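A.B. asks: Below, each chain spelled out in residue letters.
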Amino acid sequence: MTGLLPWLEWAGVAVFALTGALVAARKQMDPFGFALLGTVTGIGGGTLRDILLGIRPVPWILDPTVVVICLVVSLAAFFTAHLFEREGRAKAILWADALGLALFTVTGTAKALGADAPAISAVMLGVVTATFGGIIRDILAGDVPLALRRDIYVTAALAGAIVFVLANRLLSPEVDDLLGFAVVFLIRGLAIARGWSLPQYGGRG
Amino acid sequence: MTGLLPWLEWAGVAVFALTGALVAARKQMDPFGFALLGTVTGIGGGTLRDILLGIRPVPWILDPTVVVICLVVSLAAFFTAHLFEREGRAKAILWADALGLALFTVTGTAKALGADAPAISAVMLGVVTATFGGIIRDILAGDVPLALRRDIYVTAALAGAIVFVLANRLLSPEVDDLLGFAVVFLIRGLAIARGWSLPQYGGRG
Amino acid sequence: MTGLLPWLEWAGVAVFALTGALVAARKQMDPFGFALLGTVTGIGGGTLRDILLGIRPVPWILDPTVVVICLVVSLAAFFTAHLFEREGRAKAILWADALGLALFTVTGTAKALGADAPAISAVMLGVVTATFGGIIRDILAGDVPLALRRDIYVTAALAGAIVFVLANRLLSPEVDDLLGFAVVFLIRGLAIARGWSLPQYGGRG
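Protein chains in written order, with this note's numbering: chain A, 1 to 205; chain B, 1 to 205; chain C, 1 to 205.
Everything labelled a hint here was simulated from the structure, so no lab data went into it. No experiment lies behind these values; they were computed from the predicted model shown. Just so you know, even glycine gets a beta-carbon here, dropped at the ideal spot from N, CA and C. Do not take every clue at face value.
Claimed, not checked - Computed beta-carbon distance windows for the label pairs: (1) B/G88 <-> A/L4: 36 to 42 Å; (2) B/R149 <-> C/E174: 23 to 29 Å; (3) B/E174 <-> A/L4: 43 to 49 Å; (4) B/E174 <-> A/E87: 52 to 58 Å.
Work the whole structure out from these sequences, hints included.
C.D. replies: Below you can see the structure in the form of structure tokens.
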């Protein structure tokens with residue numbers, strides 16, 4: 001971790017808030033629907049992580065910077081989302097979500113290691129942080145969560161969290177975030193760009 | 001806050017439990033489905049608020065008064081809900097929900113200010129407290145959350161929470177709860193009565 | 001409680017993880033979808049209980065045994081679930097869920113009593129622990145939660161939790177877990193085997 005942690009967290013919050021707002025656009029919500037869905041998506045994963053870690057109160061209550069980021073991004077999206085075509089917006093959701101996934105895998109795993117969690121719990125918390133904001137977004141919007149669809153998603157976060165922990169322990173804390181981020185974004189990005197998916201369950205129905 | 005906080009909280013719990021039980025009636029659940037949905041709706045928003053604030057354990061574990069209120073209201077609803085016509089019940093859900101929204105906006109914002117949260121976090125927690133019981137209710141029942149539909153809902157809670165904080169800081173803590181409650185209930189009530197809604201997102205689909 | 005608490009907890013985690021993985025099979029997910037849904041189902045109820053009790057961090061962060069159990073069970077299910085016919089799998093989900101319900105009612109109520117919760121809160125926490133893993137599983141998978149369907153489910157957990165508390169207070173802590181477990185599994189098992197249900201709400205629609 002190279003001291004970038006707060007910036008990575010803020011960037012992850014912003015892009016996830018953007019995905020929430022774009023889903024709100026697809027569902028034709030009003031400005032406050034945008035704000036609610038954007039904010040819940042932006043801070044949901046990190047809030048769950050901090051609750052599980054037992055940090056209290058959750059940090060955004062004392063320093064609401066991330067809430068402000070979510071509100072600004074959501075309302076900006078309300079007034080600009082029409083600039084994208086419908087298909088452009090669906091793609092923007094996927095790519096912003098991929099960026100947020102990579103950022104939150106890194107910050108989630110880093111925060112867990114910083115709280116002295118063992119390696120396997122740190123990996124688990126990295127995956128939870130990265131995926132639950134989007135899961136809450138999709139559940140609220142009435143969609144099947146992206147994280148449970150067939151394309152490679154949880155896999156990317158899991159691989160990145162493992163690489164982060166290995167780099168942190170075996171290489172150097174200077175490069176763990178960069179390596180972890182790159183692994184998630186590369187795997188998830190290739191999955192989006194090439195339509196990759198894992199072998200699905202092939203049982204008898 | 002005029003010392004009414006626990007009473008307002010109990011009243012909010014009771015009316016939200018009622019909305020949960022009435023949704024259970026619409027879904028034709030058995031008595032324990034009523035009890036579960038009523039209780040989760042009644043204490044869900046406040047429980048999330050207390051978890052976010054880091055109050056532990058959550059207060060109803062030490063003093064289960066609110067749980068008892070939820071159970072009594074839910075079971076009473078099971079045996080009396082048939083007295084309302086179907087349409088009367090849909091209206092009762094909306095109005096009880098509006099009352100709960102106003103009560104929980106006030107108690108949520110007040111508790112957050114009491115825990116020394118900054119103004120913007122207090123507003124956010126007021127909105128979360130007021131809306132999440134109903135969101136959990138609607139998700140469990142398989143409906144689109146009322147809070148995300150197009151009519152004015154989150155807006156009312158947000159306006160009331162802001163008025164509460166302003167009144168608390170600038171006027172007098174004697175009147176903040178009354179003013180906050182009035183603002184939420186007036187805005188939400190007018191939205192229900194007149195079918196008001198905000199301009200929805202008007203982009204290209 | 002006869003010193004079996006950790007073993008009962010692990011068994012409950014394993015059978016709930018199995019139900020999550022079998023639902024993932026029905027939804028034709030990939031291996032990581034199995035792992036995510038299995039893990040969330042296996043540790044969801046206990047995690048919520050520990051958050052409500054204010055135990056921090058949640059115990060699986062310090063000792064990830066239950067996470068490992070969930071991952072092993074989920075991946076084992078991915079490679080073996082095809083051995084069951086579709087109908088056999090639907091039945092396996094129901095019965096494993098019943099076993100987990102009985103185990104988690106006991107461990108949830110026991111942990112709450114151990115944290116000095118009053119009787120009614122201990123009963124409530126037993127029911128929450130037993131039902132919420134499955135509720136989260138069903139919500140994520142887009143199904144109506146089993147706990148809210150018409151067959152006897154919450155009822156069984158509630159009866160078992162009450163019997164547990166009564167046995168613990170009036171008889172002997174040596175037998176509370178056995179009695180509580182037996183009550184839940186017997187009631188829920190009979191409900192499954194005989195298609196029992198409670199009188200549903202019989203109002204005017």
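A.B. asks: All the hints need checking, so say for each whether the structure fits it.
C.D. replies: Evaluated hints:
Taken as a hint, the range 36 to 42 Å is violated for the pair B/G88 and A/L4, whose Cβ atoms sit roughly 58 Å apart. Checked against the given bound of 23 to 29 Å, the beta carbons of B/R149 and C/E174, roughly 54 Å apart, lie outside it. Judged by the Cβ atoms, the range 43 to 49 Å given for B/E174 and A/L4 holds: they are separated by roughly 47 Å. As the Cβ distance of B/E174 to A/E87 is approximately 56 Å, the hint placing it in 52 to 58 Å holds.
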